[in-house]
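Novice: Residue numbers (our numbering), protein chains in the order written: chain V, 1 to 534; chain D, 1 to 534.
Because the hints were derived from the structure by calculation, they are not lab data.
Zero decoy hints are in this set.
Note that identical chains are pooled: a pair holds if it fits in a single copy or bridges any two copies.
Subject to a maximum C-alpha distance of 27 Å in a straight line, what follows is the list of computed DSSO-like cross-link-like pairs (lysine-lysine):
no.: 1; residue 1: Lys5; residue 2: Lys494
no.: 2; residue 1: Lys372; residue 2: Lys512
no.: 3; residue 1: Lys25; residue 2: Lys350
no.: 4; residue 1: Lys350; residue 2: Lys362
no.: 5; residue 1: Lys287; residue 2: Lys239
no.: 6; residue 1: Lys243; residue 2: Lys317
no.: 7; residue 1: Lys272; residue 2: Lys287
Keep in mind it's a predicted model, so treat the numbers as computed, not measured.
There are 2 protein chains.
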Amino acid sequence: MYPRKLTRSIISNPDYPVVDTPKGKIRGLWEEDVFIFRGIQYARAERFHLPQEIPAWEGTKEAIIYGPVCPEMHTPIAHDQYNVPHYHYVQDEECHYLNIWTRHIEKGANKPVMVWIHGGGFATGSSIELYAYDGHELCDFGDVVVVSINHRLNCIGYLDLSGYGDEYRYTGNLGQADLVAALKWINENIEAFGGDPGNVTIMGQSGGGCKVSALLQTPSAVGLFHKAVIQSGLFEGFKDVTKEQAAELSKMVVDELGLTDIHEIETIPYYKLARAAQKAEQALQEKYGFGMYLCPVADNDFYLGTGMNNPFMEEAKNIPVLVGSVLGEFDQNYNQVYAEGSKNFWDDEKVWELLNKAFGNKAKEIVAAQQKAYPGFLPVDSLYINRGCRVASRDFCKKRFTEGCAPAYNWLFTLESPFNNGTVAWHNVEEAYMFHNANYLEASYIPGVSEELQDIMTGAWVSFAYNGDPNHVGMPLWHPVDASNGSCMLFDRKVQEGLHHDDELMEILPAKAIVGNNDREPLSTFGGGPRQSL
Amino acid sequence: MYPRKLTRSIISNPDYPVVDTPKGKIRGLWEEDVFIFRGIQYARAERFHLPQEIPAWEGTKEAIIYGPVCPEMHTPIAHDQYNVPHYHYVQDEECHYLNIWTRHIEKGANKPVMVWIHGGGFATGSSIELYAYDGHELCDFGDVVVVSINHRLNCIGYLDLSGYGDEYRYTGNLGQADLVAALKWINENIEAFGGDPGNVTIMGQSGGGCKVSALLQTPSAVGLFHKAVIQSGLFEGFKDVTKEQAAELSKMVVDELGLTDIHEIETIPYYKLARAAQKAEQALQEKYGFGMYLCPVADNDFYLGTGMNNPFMEEAKNIPVLVGSVLGEFDQNYNQVYAEGSKNFWDDEKVWELLNKAFGNKAKEIVAAQQKAYPGFLPVDSLYINRGCRVASRDFCKKRFTEGCAPAYNWLFTLESPFNNGTVAWHNVEEAYMFHNANYLEASYIPGVSEELQDIMTGAWVSFAYNGDPNHVGMPLWHPVDASNGSCMLFDRKVQEGLHHDDELMEILPAKAIVGNNDREPLSTFGGGPRQSL
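Kindly produce the complete structure, drawing on both the sequences and the hints.
Specialist: Laid out in structure tokens, this is it:
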């Protein structure tokens with residue numbers, strides 16, 4: 001989605017490249033070995049209703065520009081805009097579009113399909129939100145078909161109106177229903193784009209990982225995917241929103257809007273709905289604690305509740321999973337004290353002042369455990385090490401094993417980036433490495449190191465998509481997690497398998513707030529955020 | 001602003017690169033030979049008030065991410081999103097930010113400063129709207145300091161409320177006042193970024209060209225710039241909005257909003273203001289004809305009225321200008337019939353059917369004149385040749401000469417792009433060539449050809465910035481326009497100076513509607529545009 005420095009003309013003509021799908025012809029473009037189809041509509045939906053198949057068409061539809069993305073309730077400049085460049089785009093409730101990168105447009109190529117489900121909680125983001133999501137390099141490197149999906153989010157994707165009539169029965173899971181519709185489209189159409197509908201890997205990071213996790217517990221998705229990747233998408237202590245909370249939230253929204261007929265909610269302007277939903281969600285956060293309340297509801301036959309706290313769905317136990325996280329995640333927000341210098345150059349006094357402030361009388365013990373787990377790292381890095389995603393990912397893999405599921409592989413991305421004289425790996429950074437886009441991520445790129453690591457990581461993701469096993473000849477042996485091996489592949493300058501490498505540290509490291517302590521100005525030099533938020 | 005494929009780590013640390021400006025320190029980043037400073041605040045302003053200087057600050061401000069852009073009244077997917085990739089970003093009324101690319105951060109380097117003023121009429125766009133605007137390559141190629149500016153637009157930049165009190169005297173020109181404030185900031189600060197405040201070239205395309213043209217008639221801008229480039233920014237028959245029309249428009253807005261006190265207009269939500277302004281502008285278009293009505297008002301001492309219809313401002317007569325346009329401009333929208341094939345492959349019958357439809361009994365004569373003006377082109381291309389910008393640019397240069405101004409150089413970009421088996425040069429396409437970004441423009445790139453042409457064009461723009469003369473050793477001799485030479489540099493596979501080359505054609509070619517005849521579906525396959533426009 002970013003412009004590449006081209007060495008050959010792109011080809012996009014009325015008759016090439018054109019793919020003949022069951023519903024009609026679609027024209028894309030051919031860019032240096034990769035065919036790209038942007039903005040293919042996979043469904044359409046009225047607000048608060050299930051997605052419907054699109055009718056067949058005459059002639060050729062163009063798929064050379066991205067489709068609109070789901071409206072966000074609020075779009076400020078992200079505090080991590082430098083570390084994780086965000087690509088903004090036009091927002092529209094008609095957002096049922098997907099993008100395809102492939103090296104083949106003939107049937108029979110049968111390449112593995114790697115489907116990217118974006119993050120941003122269940123509230124924000126899109127298939128093209130982050131530059132890292134561009135599928136060209138992954139497609140080219142792995143000879144796989146890459147697909148990325150937009151779907152409904154926030155108050156139009158997860159507002160549970162089921163209490164207002166049977167026609168709204170699934171409203172708490174519409175965003176998920178969109179994803180299922182997209183997977184169904186892939187199942188029925190991807191062969192024409194060189195993909196194998198019998199070998200579909202779904203992948204997601206952060207909120208996208210939550211969505212993948214939820215799809216593993218979604219009966220209507222059974223058979224539509226065959227492997228799953230969860231990246232920083234599991235959180236220690238996570239609980240699904242309860243049916244009661246969801247009803248409480250939607251009642252607040254409906255009351256706030258002062259509707260005389262519930263059906264009015266289907267046509268009122270989006271921003272009014274969003275403003276009411278923001279207010280209601282804030283009220284719930286004050287009442288029940290920080291968290292997401294517009295997210296999949298385990299209240300009916302659509303979604304069985306997170307596999308973290310519930311038995312894994314029987315029909316998905318045969319799905320191998322690749323589950324991991326990043327060393328710093330949100331906790332590296334500590335790093336935002338860089339206005340006062342670079343962490344790696346702080347003197348011992350400052351480091352221990354911060355460590356003592358963060359960990360109290362446990363500081364020495366934590367640093368000792370951290371030094372054991374990560375011998376090459378500095379004591380100061382203890383400040384930035386994430387617990388929530390790490391523990392949840394590790395335990396999820398073990399639970400998969402315990403319940404007799406297909407293999408679960410656990411990993412952790414720990415590479416320090418050069419930004420600011422050294423920055424602990426942050427939430428989202430690994431995406432550039434498994435998408436083979438590390439050369440494009442300005443805050444993280446290290447000559448030689450990034451190329452080698454992305455070859456290994458992208459290679460592992462691709463191997464997993466091909467075989468359900470991430471092992472390949474370019475990396476050390478990687479064991480699936482069992483009851484006792486404590487395996488975790490560590491991605492860094494040196495790639496190595498850890499065995500219980502951080503058990504001791506995780507035993508004593510406290511959880512930090514998901515958005516870490518941050519008592520400095522936001523990353524930007526300005527106020528940030530639209531003056532009138534929606 | 002797009003991610004480049006990196007071969008070296010970017011450096012951005014607390015102490016490097018840091019520039020010491022008169023008001024305080026600013027930290028940017030260093031990316032392969034070029035220092036980049038994004039989102040530097042040059043002023044701040046309350047709504048409907050003149051921009052104010054920002055106060056000095058302690059410590060170091062970061063300038064590593066872009067500042068917000070001005071809110072747009074409506075942001076649909078552009079119909080030309082493929083040919084002219086648009087980069088969307090967070091919108092905020094606090095949009096007084098500029099970006100700098102430079103190879104030097106020491107005083108005394110004294111490099112020419114090339115300031116980019118974006119297009120989008122006076123209503124939309126931003127300093128980072130188009131990928132072509134990325135200043136890295138231009139800075140690196142020409143060893144110049146590149147600056148690009150955000151400023152207020154549409155109903156917060158050009159709504160003339162002067163009838164509502166002296167405090168609102170300049171409201172019809174606030175967007176222009178922001179530009180003057182930015183030029184003042186450059187004048188006072190650019191030396192610290194290696195620039196020469198005594199050699200500033202302002203450049204703009206489309207609406208940006210209109211703004212440059214207006215700044216040539218703006219007394220408060222005198223001395224703040226020294227050369228001017230207008231690209232597809234002059235339109236045959238253009239008239240400034242009259243004082244009466246501006247008053248009529250603002251009265252409609254105020255009435256529509258039902259304000260009890262005019263000051264309420266300073267705090268009502270932007271989208272309410274925008275909706276009222278949209279309605280009012282539409283009413284004026286119905287009454288007075290298609291055009292922009294939220295644009296600089298020549299009603300007071302701020303702006304003297306367009307130089308097309310008024311005497312050139314005495315104090316700006318010493319400014320050399322580089323003025324040109326593109327062969328197809330808006331008229332290439334005809335090309336959107338490509339769903340029915342490629343123009344270059346249509347048979348004679350179809351071509352002449354369209355020619356006759358467009359030109360009636362003048363068709364043969366027009367094609368004969370077109371073949372004489374552009375010997376390598378096909379008759380079908382007559383359909384796409386623009387008159388409005390071409391004639392206005394030519395005549396503007398001649399008027400500069402006639403009124404005794406500094407040299408005016410005229411040019412026309414005519415390169416056919418490979419998109420769709422051949423597409424006549426469209427509005428905006430030349431930006432990638434004068435910014436040395438042609439390798440990144442997927443719809444236009446031709447191996448070898450694009451590199452050579454962008455070297456010549458960027459070289460000419462850079463030479464003009466250095467010397468006020470675009471001539472350089474890599475291109476044929478280029479004469480400034482005089483009373484009779486009819487000079488026009490033609491940028492194509494072969495670069496050559498035309499002398500009266502299209503006089504005959506322009507004599508008979510009719511003007512077409514600015515947004516050309518377009519009776520097919522929009523370029524996208526979907527509805528386009530937010531369901532609820534602001």
